[in-house]
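Asks: Going down the list, the protein sequences come from chains D and S.
Taking the UniProt record's numbering, the leading residue of the first sequence gets 1, the next gets one more, and so forth.
Taking the UniProt record's numbering, the leading residue of the second sequence gets 1, the next gets one more, and so forth.
Treat the hints loosely; a few may be bogus.
Stated by the list, open to error - Now the in silico label distances, taken between C-beta atoms and shown as ranges:
# : chain 1 : residue 1 : chain 2 : residue 2 : range
1 : D       : 321       : S       : 112       : 53 to 59 Å
2 : D       : 232       : S       : 109       : 41 to 47 Å
3 : D       : 58        : S       : 41        : 34 to 40 Å
To be verified - Anything over 10 Å on all C-beta distances counts as not near chain S; from chain D, calculated:
# : residue
4 : 79
5 : 131
6 : 249
7 : 271
What the hints assert, rightly or not - Derived pair list, reagent style EDC-like, types lysine to aspartate or glutamate, alpha-carbon separation capped at 16 Å:
#  : chain 1 : residue 1 : chain 2 : residue 2
8  : S       : 315       : D       : 217
9  : D       : 287       : D       : 217
10 : D       : 315       : S       : 305
11 : D       : 209       : S       : 156
12 : D       : 287       : D       : 253
The set of hints was computed from the structure by calculation and includes no laboratory data.
Since we're looking at a predicted model, the values are computed, not measured.
Glycine included, C-beta positions come from ideal geometry on N, C-alpha and C.
Given next are the chains, with one letter for each unit.
2 protein chains.
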Amino acid sequence: MNERVYQPIEAGDPADDLRMFRRCLGQFGTGVAIITTRSDGQNAGVTVNSVASVSLEPPLVLWSISRQSRSFGAFQDAPGFAINILSKDQIELSRHFSSSAVHKFTGVPSRNGHHDIPLLDGAVAHIECSQEAAYDGGDHVIMIGRVSRVSRYSGDPLLFVQGRYVVAADHPDVDATTAANGTSAPPQIAVDSALIPLLFEAHYALSAKFDEHRRAEGLSRTVARILAILQDSPGLTAHEVARKTYIGIRDAEDALAELCLKDQVVRVGNGDYTLTQAGRERREAIKRRWLDFQSEEMSGISQGELNAASSALSKLLANASCESAL
Amino acid sequence: MNERVYQPIEAGDPADDLRMFRRCLGQFGTGVAIITTRSDGQNAGVTVNSVASVSLEPPLVLWSISRQSRSFGAFQDAPGFAINILSKDQIELSRHFSSSAVHKFTGVPSRNGHHDIPLLDGAVAHIECSQEAAYDGGDHVIMIGRVSRVSRYSGDPLLFVQGRYVVAADHPDVDATTAANGTSAPPQIAVDSALIPLLFEAHYALSAKFDEHRRAEGLSRTVARILAILQDSPGLTAHEVARKTYIGIRDAEDALAELCLKDQVVRVGNGDYTLTQAGRERREAIKRRWLDFQSEEMSGISQGELNAASSALSKLLANASCESAL
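Just chain D, same shape as in the assembly (with noise of 0.2 Å):
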């Protein structure tokens, strides 16, 4: 907490603004599943964010589907189901199963697991469930899974904060107390080439910074990316916004509504988004600032240092990004 007053940016009645009650929710992380199940022989699939623990003895998960859901009767019918946690590299997925199509699984590599319910290629984890219960939850209904088995692979989780699609970064604080951790934090090296650690240490703090600046405009991440993308490429509809700037199509339909209310973006005649006279001013205001704060952060660095600077970072990305031996 910073030493500003503690003041809500916004509150009230949940009843009476559905939006902001999705943006407080939102402040929840979760990471994102894909719920699977098979009813008289056909698949089905919905993607969520409402999975939970509930107990460890009897092994007992949880998670939400909405009533008005296309694949409602499936779940409801079905013997069981299985959650698909997804890898951060299955973004894709995850909007082709919260989206209305209609052959989910054509194309999509699986395995069966018990009853047949397809369990998802790349998942970080399966997590497969007999139904045990199902529970009233207003316009959802609350499905219990007794997990019968799990199994857990490789790679970092998708998550969604805030209505965007990120992944976990070690906590800013780690790095002074485990510097020496040999994890993605800055691993501890001679004092003459710690040009890793200072880069990894270089890189939190501007970010931090940033941040900060980008906070005390009052600017959302989400309404900053909206207006970047809308400027460089006028006339997308909201899935297309959705997809370019890593926000949930939800989250992005309902920023765009907001920025419209505002006269900064405005539906053109097919009912594509696009800047106003307005947004556009607004989104160049904002590179300036960005501009103006790069420039100062830099002050102090001669044009020699600067550039043996940047050849040297570029030497590291390219070895970094080389197809890595193992």
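Mind docking chain S on chain D? Use the hints.
Replies: Just chain S, lined up with the frame of chain D:
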């Protein structure tokens, strides 16, 4: 997904191996929340990561409480509860409310919400609920809350993934597509002074390659960190190991138990954990491997370039670490 064969690291019936079950569940990332309530004039609070959204209309959320929890009775009797979604600066508060401390609220800044339930300062959201239903969930009870008021605050949410406390980072692919987005991703800048974007790119590439190496060695981040910490500070309790490594207490206990089984860690007289000779050797091998790896990555960079780059990055770091003028 990389091109190696897609095979599980571990798999089986959760009833046969609770630690494996927990590791599989840990693949689904979550936020961290402290649930607070007030019953019989007493405050109660517990840390959980089992929060999930349920319904928009009516607005419902859920979380689960262990039947063994000392606060179980308080939550059963209370008219409602508040979900305090923690920010990245609240790891110690998370640990505090998952401990067995008796006076958990002493010295913890809060204000009173509905039903005089404490809302903790520094949270990134408060979700105030009246108790709607409580469902059986094996060794836990699933609490359903009807949301009466939400508040959202500035800040980055704390996340818990694969047993570790982490923060969100932009998806690694985001930079290529939205390079000019004015967020923490590298902002666009004139080419002759592109040091900062280059620094961000090099950081991402090196992080990814470090991780790939770690994974190829079958080494989890959790185990790597525990070995490092126990080498630096022999003789620690499980709580001390957890705190110093940013690992959850239960996950630290699980990993220490596994390391004891492998004879790499041993409990000494007073119960503290320390490395065995085999543990020290493994740690040394990991460290050597990382140092070799770094030297390799820096090959082709002259000493002059290294020095200039280190100097430039040091200045960047010093600038970025300055108290912001905001």
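Asks: With reference to the structure, classify each hint as holding or not holding.
Replies: So, going through the hints one by one against the coordinates:
{"no.": "1", "hint": "D:321 / S:112: 53 to 59 Å", "result": "holds (54 Å)"}
{"no.": "2", "hint": "D:232 / S:109: 41 to 47 Å", "result": "holds (44 Å)"}
{"no.": "3", "hint": "D:58 / S:41: 34 to 40 Å", "result": "holds (36 Å)"}
{"no.": "4", "hint": "79", "result": "holds (17 Å)"}
{"no.": "5", "hint": "131", "result": "holds (14 Å)"}
{"no.": "6", "hint": "249", "result": "holds (15 Å)"}
{"no.": "7", "hint": "271", "result": "holds (23 Å)"}
{"no.": "8", "hint": "S:315 / D:217", "result": "violated (26 Å)"}
{"no.": "9", "hint": "D:287 / D:217", "result": "holds (12 Å)"}
{"no.": "10", "hint": "D:315 / S:305", "result": "holds (10 Å)"}
{"no.": "11", "hint": "D:209 / S:156", "result": "holds (13 Å)"}
{"no.": "12", "hint": "D:287 / D:253", "result": "violated (23 Å)"}
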